[in-house]
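Trainee: Dock chain B against chain R, hints included.
Here the protein sequences line up with chains R and B, keeping their order.
Oh and the first sequence: position 228 is 260 in our numbering, straight run, nothing missing.
Oh and the second sequence: position 478 is 486 in our numbering, straight run, nothing missing.
Any given hint could turn out to be false.
To be verified - Residues from chain B that face chain R, not an exhaustive set, calculated with beta carbons under 8 Å:
1. 169
2. 650
3. 656
In short, the hints are calculated from the structure, not lab data.
All values derive from a computational prediction rather than experimental measurement.
All residues carry an ideal CB built from backbone N, CA and C; glycine is no exception.
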Amino acid sequence: MAPLDSPLRRVIEAVNRVLLGKDRQVRLALSCLLAGGHLLIEDIPGVGKTTLAQVLARTLGLEYRRIQFTSDLLPADVVGISVFDREAATFRFHPGPVFSQVLLADEINRGTPRTQGALLEAMEEGQVTVDGHSHPLPDPFLVIATQNPIHQIGTFPLPESQLDRFLIRLTLGYPDAAAERALLAGEDRRHLVAAIEPIASGKHLMGWRKAVRMVHAAPALIDYVQALAEESRRCGVFEAGLSPRGTLALLNAARSWAFLHGSHKVTPEHVQAVFAGVAGHRLRPRNTLADDPALLLARLVASVPLL
Amino acid sequence: MNTAPLVQNGMAADTWLPDRHLGVLLAGAGASLLPHLGHLPPVLAASAGAMVLWRALIQWRPHLTPPRLLLTMLMAVGLAGVVFSHQTLLNRDAGISVLAVFLGLKLLETRDLRDAQVVTYLCFFLVLTAFMFDQSPLVAGLSILALWLLLGALIGFHAEARAIGGTLRDAAIMLVQAAPVMVILFVLFPRVSTPLWGLGTTTGHGVTGLSDTMRPGSIGELSLSDAIVLRARFTGAVPPRASLYWRGPVMEQFDGTAWSADDSSLLEPGDVRVRSDERSFDYEVTLEPHDQTWMFALELPKAAPADTRYRPDFRLAAREPITRRIRYRVSSSLHHEALQNAPPRTLRRLTRLPGGSNPRIAALARTWNAEGISGQAFVSRAIEFFARQGLVYTLAPPLATTADTADAFLFDSRAGFCEHFASAFTILMRAGGIPARVVTGYQGGEINPVDNYLEVRQDDAHAWSEVLLEGAWQRVDPTAIAQPLRIEQGMARAVPVGDPVPLLGQPAFAHLARWRHRWDALGNGWNQYVLGFDRTRQGDLMEALGLDGIDHATRGLLMMGSIGVALALSVLPLALPMLLPLLRLRARSDPAQRLWRRFCARMARAGLNRAPSEGAEAFTARIARTRPDLASEVTRVGQVYNELRYGAAPVNPERLRELRLCIARVRP
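Just chain R, same shape as in the assembly:
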């Protein structure tokens, strides 16, 4: 195992200093960004969704904007608008908040489907088209969306086809007792976030992404990923199995995870570690009420033997 690239280790440490006791989730979020995917954080308010997004953006030294989704937010508020410039006698495009390296889409399920659609289209295509003109989005362009659990009033849950655009979905959960005590006793989080100095930069991120793509996936490992996908399709517990895009996402996320752990190869343990994050929002249980989805995922992993 090679020692971890030190700026990356420092990023992890920095984020962990602000978000206490969530090392796993922090690493999952970072793996998502390193794999070039968008991240969906789903949890109840007040567990640190926004903080995680902010800290990640700041430590990575990326340009960062935030949109609070509400039911009266319009697509133009996200992507931008063409305004007539009287002096130049032309339309000039005023880019919206989407034109940033990291976009924090807070409470995305409070927005109307139209507004959600505009953002998700931008995520998918890497550019924005207004009045027939295409405006490319910066690179890297990462969306960190947060969402409250769907059974809250006045929300528009994301359809499955759009959930698929997020590489990883994670939940933060309550902090453990020790972490919560440290949180209560310690400094105000807002000050901490504001005080964070960028550790890395966009250039670093691009370099890491290249390295992630180099992480080796042996034929035996690809066999295992395929076996997992096959089992998700065959077992009959889910409405539909993992799509090829989902399988690819699983492999890429596992590569990132391996890279984050200083490994040059992906092992089944890496795949298992990211499986719930990658597959959780892509596999809908057939019998939604009877079973805990997390348990079903764990059962699926347990039912594929490692030879």
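Mentor: Relative to chain R, chain B alone:
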């Protein structure tokens, strides 16, 4: 490393009960109740059936689900019903009634998988108990049907998404796979000479058949039943129908209307012998249970079978009432002399008539005696008289208006059944001073063309007379004198057209009779080879297989061994598709994998089992946590193995050696 696997061992209890599989279960429950219909009190059987239907209705209309209070009340009513029907709760029959009622109640409160499984096991038990009452092929068939449905339901409960067709097919396959094991157990399992507790007795079931008294009409009633009395298989030729006299109860006591078997004459039988000719007929009788001690044999058997008494009235008697189907071999001689040198008291008893009864017969005998006719001549005269009297053989004789039924038959109505004939003739003999008695039994029988067994039925019941002349008993069948067709062709052809005869005895139903032959042959085959597969038969089979003389231990080994082979053969088609990939995999697996497997096996022996989906590093990390003494070695093993299997570098011998060394260093 922070790579805790996602495996969790706790499983949520599955409680979902799909409609269609519940339907199969209900059908199975119905099928397990069916064999009990014959002996359950009708009210209880009906209520158990009604509760099964009710449960089916609930599936459609959930609001019909009974509340708990109602269920409790139903249970109390059910128990009360059982106590009322059986007068107790504590014997076999009551216990099975309780089972049946509780099956219905349990079904009514069945909501989830657990309940349904309990119901299934209850049904299995109910199926088993059916054999305590009835071991016919019909019950066996119903039981297999019930087993099939119940198995299908069980499979369905654990694969809720499957269609009924698939689960029932699997259940059928399982039954077929179980069949060889069943056959092996059936053939090889040691038989005990007494039946299992509660099995095979018919006591209290009201068996019809001959009794030890004969009054006018008693045999006529029997002749409407076509139930099988006995089956005989002859080793050689079958005697002609007219000589097939199956000797049963012998009656020497007459009270004016009824003849009865009175054993007191046997107290002083004097010198009794049978002198028989060379020619003998050998046959094996399978006698249906009739709750009496007498055993039928052709007149006259040469010797009594084992465990049987040969009584001075020349009939065979068992020591205990016959409550199970029994089998015995007899050898009879049709031309014989039944010699009895009876003392005077016995002779007096054999000529005794109640004073003043049947005066016209007595007068007739006096007239003949006055003419100086006695002995053999008297008998010949009587036979002649019976032949000339124009007597009609009928199943529906006119009701006698006087107490002197024999007089009324012989001189007024002149129509009667065999007991009238035999009774009147014997009375006439006794009135003439000749020792005589009535013999009841069966006359005739019919060869079943399917299995060549001679079947004797209740409608072959018959009565005839016997006279003692010069120290030898002589059979006189007055029915044969008046109506020879009865003896030559059977009862159905002898009675006048329009008389009631058993349905299948009527010539118009010949095609039905053919089917009955087949059904009876099936029943007989079942009796002979399945139910009758007793210690003797098993011994015969072992001898035929050359397996006689082996001890119990060897036999047990043989049984277990053949069951093992049968199981292996039946599982093979299932296992092949699973084994083949494994074999292929073994051939394909790289050397690192083989080393890893060896390592896992060694760990397993030390009680450290790898979950099938557990990765190498996760597994070794877990071992390191539970066995810190092994930590450094096993961690290295996990790392090296993962490097070899998932790393970018090609597998080289040096790394393999390293893995081998690492593994060797681990000593759990």
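Trainee: Using 8 Å as the Cβ threshold, decide whether residue 656 of chain B counts as touching chain R.
Mentor: holds (4 Å)
Trainee: Let me know if the C-beta of residue 169 of chain B comes in closer than 8 Å to any C-beta of chain R, holds or violated.
Mentor: Holds. Min distance 5 Å.
Trainee: Holds or violated: residue 650 of chain B as interface residue toward chain R, Cβ cutoff 8 Å?
Mentor: Result: holds, 5 Å to nearest chain R Cβ.
The structure fails none of the hints (numbered hints given earlier).
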